[in-house]
Each structure stands twice: as structure tokens, then as C-alpha cells.
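Novice: One-letter residues, chain by chain:
Number of protein chains: 2
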Amino acid sequence: MDLDLARQLSVTGESKIMLFVIDGLGGLPQPETGRTELESARTPNLDALAKESVCGFSLPVAPGVTPGSGPGHTALFGYDPLKYSIGRGVLEAAGIDFDLRPQDVAARGNFCTVDGKGMVSDRRAGRITSETCVELCEELRKVRLEGVELFVEPVREYRFVLVLRGDGLSDAVADTDPQREGAEPLAARATAAAGEATARLVNRFVEEAKRILADPSTHSASSPSGASESAKRTGKASLANMLLLRGFARRPDWPSMAEVFKLRPAAVAHYPMYRGLAKLVGMEALPTGPALDDSITTVRENWRRFDYFFLHYKYSDTAGEDGDFDRKVAKLEEADAAIPSLLALKPDVLMVTGDHSTPAVLAAHSWHPVPFLMRAPWTRADGCDAFNEVALQNGSLGTFPAVEALPLAMAHAGRLTKYGA
Amino acid sequence: MDLDLARQLSVTGESKIMLFVIDGLGGLPQPETGRTELESARTPNLDALAKESVCGFSLPVAPGVTPGSGPGHTALFGYDPLKYSIGRGVLEAAGIDFDLRPQDVAARGNFCTVDGKGMVSDRRAGRITSETCVELCEELRKVRLEGVELFVEPVREYRFVLVLRGDGLSDAVADTDPQREGAEPLAARATAAAGEATARLVNRFVEEAKRILADPSTHSASSPSGASESAKRTGKASLANMLLLRGFARRPDWPSMAEVFKLRPAAVAHYPMYRGLAKLVGMEALPTGPALDDSITTVRENWRRFDYFFLHYKYSDTAGEDGDFDRKVAKLEEADAAIPSLLALKPDVLMVTGDHSTPAVLAAHSWHPVPFLMRAPWTRADGCDAFNEVALQNGSLGTFPAVEALPLAMAHAGRLTKYGA
Chain A
16 MDLDLARQLS VTGESKIMLF VIDGLGGLPQ PETGRTELES ARTPNLDALA KESVCGFSLP
76 VAPGVTPGSG PGHTALFGYD PLKYSIGRGV LEAAGIDFDL RPQDVAARGN FCTVDGKGMV
136 SDRRAGRITS ETCVELCEEL RKVRLEGVEL FVEPVREYRF VLVLRGDGLS DAVADTDPQR
196 EGAEPLAARA TAAAGEATAR LVNRFVEEAK RILADPSTHS ASSPSGASES AKRTGKASLA
256 NMLLLRGFAR RPDWPSMAEV FKLRPAAVAH YPMYRGLAKL VGMEALPTGP ALDDSITTVR
316 ENWRRFDYFF LHYKYSDTAG EDGDFDRKVA KLEEADAAIP SLLALKPDVL MVTGDHSTPA
376 VLAAHSWHPV PFLMRAPWTR ADGCDAFNEV ALQNGSLGTF PAVEALPLAM AHAGRLTKYG
436 A
Chain B
16 MDLDLARQLS VTGESKIMLF VIDGLGGLPQ PETGRTELES ARTPNLDALA KESVCGFSLP
76 VAPGVTPGSG PGHTALFGYD PLKYSIGRGV LEAAGIDFDL RPQDVAARGN FCTVDGKGMV
136 SDRRAGRITS ETCVELCEEL RKVRLEGVEL FVEPVREYRF VLVLRGDGLS DAVADTDPQR
196 EGAEPLAARA TAAAGEATAR LVNRFVEEAK RILADPSTHS ASSPSGASES AKRTGKASLA
256 NMLLLRGFAR RPDWPSMAEV FKLRPAAVAH YPMYRGLAKL VGMEALPTGP ALDDSITTVR
316 ENWRRFDYFF LHYKYSDTAG EDGDFDRKVA KLEEADAAIP SLLALKPDVL MVTGDHSTPA
376 VLAAHSWHPV PFLMRAPWTR ADGCDAFNEV ALQNGSLGTF PAVEALPLAM AHAGRLTKYG
436 A
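Here the protein sequences line up with chains A and B, keeping their order. Number 436 marks the last residue of the first sequence (this note's numbering); no jumps. Number 436 marks the last residue of the second sequence (this note's numbering); no jumps.
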């Protein structure tokens, strides 16, 4: 459903919708057992729920497409991820909870190593430590450019975020990252006339930053701290003698879920990136603790204030990305154990799915459709007796675009009016 | 399949296609039995047909979207209901069998009540009787506007249709209905420059109509008739002291099924609205009686003249809308009993489905996919042993857009040529 139609059909109401995202939910069979993570996990609550739900598989973007966390979530929020895309710079800023303003331009930065000829010899500067990254960012904050405020924010290891704040900035700037070693870092170049002033500012920043990073005192200055102990040990801090920027982007100005779907939406997620994604569609991101129990408490305490809850559980994905099959199984069992607490809140519609699959055997996100169930009023009988990749093949929803999940939930919650007379 | 592709691939031929629409066909389980209307009905003919058909569920508009009768049918006729939408005024005119000409502008009208300050106090004028509606429409026909012919046609209770006929009219006119009580009726306002002259005409009509409706003699004049007996009893006739207009629309100028699909299509429907819808895609609407047997006789008598028949059966929907589960079951059994007569005509392709679901437990149209079967040559084995919402989950068609039904039928009827070499 495109947003214009959603805007036309959606109505306010008292019903409540909950989306429980078990990040990286879907999996693949472990060669030794022939069973996926979900098939291996003991999930009595999800299995019972599947029996009284409509089931199937949500397809985040398109067949064969492996989604990042951004598109995986925007689809579940009801926004076509191919139309509503998020610039890399914005996603990185969201991931560190940086509160981007509408006029800001953000870019993802890498500290890197250049050789004597100025060619990139290591795009990740030997994977310097996160502590070194913090110290280098502090040094780069000394750069001053007229007419623009600069933020240089550490992310992790060699990664940081550059934010430019000021009037008349544009994200029509091409990457300075040549995306391969042996090449020279590129000068920032405007991809449209509007980007020319910003490209000049970026080039001045890179010039100053290069001077600072090439200065041995930058790195020795950091030596006394505990952080640089590891740097000294690996001898890699001085490898960060240059930087690369990519994904210049402005915070997208999307219509909010309140405006389009007439919902009062809340996000309950511990990780900053998911809170950031939720804020892009106008959700209120509620502070919560790291454990799933913390999140459920947060949902419960705010139950009356909102009619849509996005509840995010991260650790299944982390285990999958680590290729740790058994830990992913354990994390799925942890998610399963939360189901009774969610049902106790009596949401009118409860959806359980993931933003993408993260099979432990791949140790990465994958393109596989994601297990999905929706417990709601006015459903027809479904054929599923368990919540896993095999049993759900009997589900009446089949494999469907994830972007259709919210409209379907809205219908069952009595929040969509008739189309046409 | 979009109409350009359909136009490119369709060919004429001798084969015959029949679409049997059992209006409001799909349902939901009755809480007491856990069985839907179709599961509860005795439908030996449809069950036998399902065993030798390809089956599934047709999705009229989009997941979660509850269709009105208009989009539900245009989709089955092969026209994308989101692209080929029908203005409310046109649908209302179709519903009373008013023969709109291409230049006419039609609007849906409500008689309403305004208070002493001119604010709408009842958008439906206390639901005046249909008889009063007829009388008031007769009074309003006395309005004369220069350069334009006016038609004021009663529909039912407080509802009527206003049609303007003349040169240079436009439907770029916004509603005068404020859509809520406590607000003033809006002046007709052009939504584009082309609508300005029409908006002025509408405002002059409303002004005259308001004067007539506010005049007590308008209402007392109707007192002697039997119709106003009930008006006098309820004391509500004089409540209709104003009117609201919405959905200004021209008859859409759609490509015909003859031009696009190379079919000679006939509609056999007793209710005017469905005949009107069929005429929008260029079908010939054959006169027929109210009973399904009448319709089948009409089909039989015209069998040689056409190669596509849209046969419409209304009463299952009416029972569903009334929330009468048992009557809907009985009406489904009545539809089932017609199947042998249809098969006796030996259509090459027979489709049986609905324009939308109307579960009796909801007493309304719903968003649920609609049971569908297609009996045709060149089908593969399907897994369905009965025609109901549970058994059809084994159908090979799954849940598919209703707009794809006609192209599929065309293929099986040998009426679509190859795409590409």
C-alpha cells in the first residue's frame, strides 16, 4: 500500500498494534542436524501463538535481496524500502544516537592508511581500536571552518561520523573513498550544483584533518592514555594517517506514521540505530535497558500513551552474525520466553517477525524470507502448528512483502476504512 | 497485466469465458462452530468443481484493503482498481441506473438538517424515508439554471444524485459536505481552474435548493401523499432543510474490454449498480430478473451473441451485510445449485469468486482474500477437495491479485498470444 492510499484509508482508534522484531530471526539448517535455529530452539510460546495466528514469511525488500537493518525496518514500519532509502551517513549517525537536525549533512568516515605516494594502503588503518578512534576524533574536532559547525563522532574501531551543520549545506557530494586500496583518496566533488559549496568545505576539512593525522604528535599525544596502550602494542595508531568519507546524506524528511497511519507510535529498542530508524518515521523512542525484560517493562509502563509499539530484540542477530548457531538458538529461546508478558498486555494485533534473516551458517544477513506471524481478531484458520521455517510453509500468508504487514495489521485492528464505494 | 500488454497479446476467438460473481463470497468462522459460511454450507457442486479446477484466493485491491463494490468488480474485469477508480457520483448514478453521458457531472447528495446558525446538525436529516426523498427531489427539479440541464434523482432515504448536463462542465469541484456535524456546509469550490464555472453553477443550485427546502410549504405540500404518512409520524420531513454534495465525478472514459481484450462481453446482473459498473468497461448489460434462475436463463438465451459473461449474484452479500450467518449460508447453497446449469452451457473457462468478502460476523465488506476457482482446459492438478476458506489454502494459485484473473482465464481460453519471440 503506498502512503497516499494509507493516508486516505487510515483512521484513529483505540486498538493497539505491537510489532515484535526478533532481529535476524530467520535461519538455515545446521549441516549436522538439518534443522534451522528456530527448529532447534525450544519455543513453546511462539509455537502456541502460531497455531492461533496467520502465518507466513515476510520479504523485506525483494526476492534475492539481502537487506541492511535500515530497509529491513522501514519495510516493517510500512514504508517501501526501495523508495524510502536512508543515506549511509544518516544511518551511522542514528547508530550512535547523534541527533541530526534537518539541515545537517552527515557522512560515514573511515580512518585509513596512505603510503608515501598518497595511495590508500589500508582502508581501515589496520583496524585501530575504538579507544584510538575516540582520541583521533577529539583531535579532529580542533578543525574550524568558517560558517559551519563540525562534529566528528567516533563509532567503533576505524569508523566515525562527520556532521556538518550550517546554512545552505547539501548532500550532493560524492564519496572521497575510492573503495579500493592502491588508489588515491578522491577530492570531494559536487554531484549537482547545489553541492559545490559543501564539497569545498569537505575538502578543506579533509586537508586540515590530513595535516593533523600526519603529525606524529597527534598519535604520541594519545600515548599516555590507557586507550593507546593497545595502539602502542599493535603499533597501528600511526597507521591512521588519513581519512575517507562516504554516504553524504541529510536526514530524510519522511511523512510520519502519525500523519500517514494515524498511529501514536513508540519504539522500545536498546540499540541506538533502531531508535534512530524509528525516529525517522516519527516514533517516540522510549529509553530502555539492555535486557528484553527491561524493554517489556518499558512497553508496559507506556502502554496507555501509545497505540503502536515497535519492540526490538537484538541479540539473535548478533549471535547469527557471529556464526554462533547455539547462541542464536539460546537467544531465540529468550525471545520466546517474553511472549506471555507481551500477550498479557492484550494487544489487539501482535506481529512477530524479523527485519531480515541472519543464518548462523552464513554469519551474515541473508536474503531469505523471514518467519512471520500475526495474532489478531478476524483471522481465518491457518495451517501452522509451530513457528519455524518448515512449519510456516503452511501459513496462509505465504511469502509476502514486509511492507504489507502494517496495512494488514491496521485492517485487523479496525483502522482502515473501505476503498471505493 | 497492464492494459497495454493485454491489448498487445489478446486475440479474438470462439472460446467462451464466464465469470460468476457470488457477491461477498468470503467469510469468517462463526464463533460457535469455528466454521465459515462456505464451510457451513452444503455446496456439492462447487466442491466437485474445486476438485477439477485451479483454486486460490483473489485479492481485490491490496492486503488489508476492504474494497467497495466498484473496485472489487473493476479488478475482476481486468482493470487495476487503484488506477481505474470511479468517482462516488458516478457510482451512485450507476446504482440507480441513470444513464450518464460522457460530459455529465454527477454528485452524491445527502439531504441534511442545519440549525438556526446554518450549522449542520444532522448529516442525514434524521434518515427521512425514501418516499420523502422522492418528493423532495421532485421539488428540487423545479430549479432552473441557464445553460445547464439538471437531474435530481432519489436513491434511498436521505440520499440522492445530482447530475449536471451541458457544455464545458468539469468535475474539478470539491465537496460541499463538511463530513461532520457542527460545521457549515461548504461552498462548492473549484479544485482546478477548469472547475470554476461548474462550481458557480453548483452554488447557484444549492442556493435555490436551500430556499425551497427551507420553505415549510415544500414539506407540507407532500403531506397528503401516503409517503409522508411516515414523515408525519416521525416528524422528520421538515428536518431536510439543506443538502450536501460530494464526489463530483464524470463518467470515466476507460478503454473497453472489446478494445483491450478483444472480447464481446455481456453483463447479467439484476442490481443497477453492477450493470452500471459493467457498462463502464463496455459490457452490454442484458435485462434480467431478480432470481438467479432468471439470470441463468438470460445467459442461456444470449449464449451465442457473446464470448464473455459476467454473471452477478447479489444475495449472499446482502445476507452478510445484514450479519445473518444462516441466511448467507442458504444463499451460498442457492448459488451452488446454479452450477450444473452453468456447466451445461459448456463455457471454456468458468471462474467462480466474489468481488470481496462479506463475513456475516462482521456484517460488512472485509479485506480478506476471496475464494476463487477456475475450471478450464490445460490446468495442472490442484490440491483442493472442497470450495471453502480452509480447503482452498491448498490451491495452486495461492492469494493473487484479482486483476490477474481475467488474463489467466484468457490464456486458458486460448485468447492470449505469446509475448516476445
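Keep in mind the hints are simulated off the structure, nothing from the lab. Take the hints with a grain of salt, since some may be wrong.
Pairs involving identical chains hold if they fit within one copy or between any two copies, as the list cannot separate such chains.
[Said to hold, decoys possible] In silico DSSO-like links for lysine-lysine, alpha-carbon gap of 30 Å or less: (1) K225 with K66; (2) K277 with K98; (3) K157 with K66; (4) K132 with K294; (5) K433 with K98; (6) K66 with K294; (7) K132 with K433; (8) K31 with K157.
Novice: Which of the numbered hints are not met once you compare them with the structure shown?
Specialist: As far as the earlier hints go, 1, 3, 4, 6, 7, 8 are violated by this structure, in ascending order.
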